[in-house]
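Chemist: UniProt numbering applies: residue 1 is where the sequence shown begins, and numbers increase by one.
By construction, these hints were calculated from the structure, which means they are not laboratory data.
Beta carbons are placed, not taken as given, at the ideal position from N, Cα and C, and that holds for glycine.
Any given hint could turn out to be false.
[What the hints assert, rightly or not] Straight-line alpha carbon distances no greater than 25 Å define the calculated SDA-like cross-link-like pairs of lysine to any residue that follow:
| # | residue 1 | residue 2 |
| --- | --- | --- |
| 1 | K96 | I49 |
| 2 | K109 | M71 |
| 3 | K51 | M66 |
| 4 | K51 | L104 |
| 5 | K96 | F69 |
| 6 | K64 | I53 |
| 7 | K50 | E106 |
| 8 | K51 | H36 |
| 9 | K109 | D82 |
| 10 | K115 | N63 |
| 11 | K50 | V86 |
| 12 | K115 | L77 |
| 13 | K50 | Q108 |
| 14 | K115 | M71 |
| 15 | K96 | G107 |
| 16 | K51 | I74 |
| 17 | K51 | G107 |
| 18 | K115 | G85 |
| 19 | K109 | N44 |
[Claimed, not checked] What follows is a set of in silico ranges between Cβ atoms, one per label pair, in the way DEER data are often shown:
| # | residue 1 | residue 2 | range |
| --- | --- | --- | --- |
| 20 | R47 | D90 | 26 to 32 Å |
| 21 | E2 | L95 | 56 to 62 Å |
| 22 | E89 | D67 | 15 to 21 Å |
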Amino acid sequence: MENAKKSLDVFATSLSKCISACGSMTHQLLPRWPQHSRPFRVLNSDRSIKKGIMANDLRDLQNKVMDIFHMHCIRALVLDEDGTGVDTEDFFQTLKDNTVLMVLGEGQKWAPQQKHLPGQKKVERATIPCSSG
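Turn these sequences into a full structure, and let the hints steer you where they fit.
Modeler: Next up, the structure:
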């Protein structure tokens with residue numbers, strides 16, 4: 001019985017080493033972009049720069065945004081359409097592919113996109129009463 005226990009211990013140790021080595025080799029052989037990477041469109045706060053970024057999760061996206069936009073710190077990632085903050089992994093995972101996000105740095109705030117171009121005059125509509133006649 002004692003010999004069986006020793007054999008089992010040796011087998012378990014060698015099996016553990018084999019699994020560990022196989023896991024390490026698998027990690028090295030996987031493609032650079034895992035299958036669950038998703039595309040996002042990220043804008044800077046004044047919408048003058050737009051970048052397409054592939055990310056696995058929220059932390060991955062934050063790290064890539066800091067690199068691409070040359071930022072030391074991200075104050076917030078928000079939805080461009082309405083300014084909703086993307087703060088949790090759970091919410092991040094609900095976003096559709098190609099969601100447009102805005103990155104905000106220190107002192108920057110989200111603002112809705114202007115509907116008309118700067119310098120354009122807003123045209124007032126005149127109301128002309130109908131004559132009954």
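Chemist: Any of the earlier hints contradicted here, and which numbers?
Modeler: 10, 14, 15
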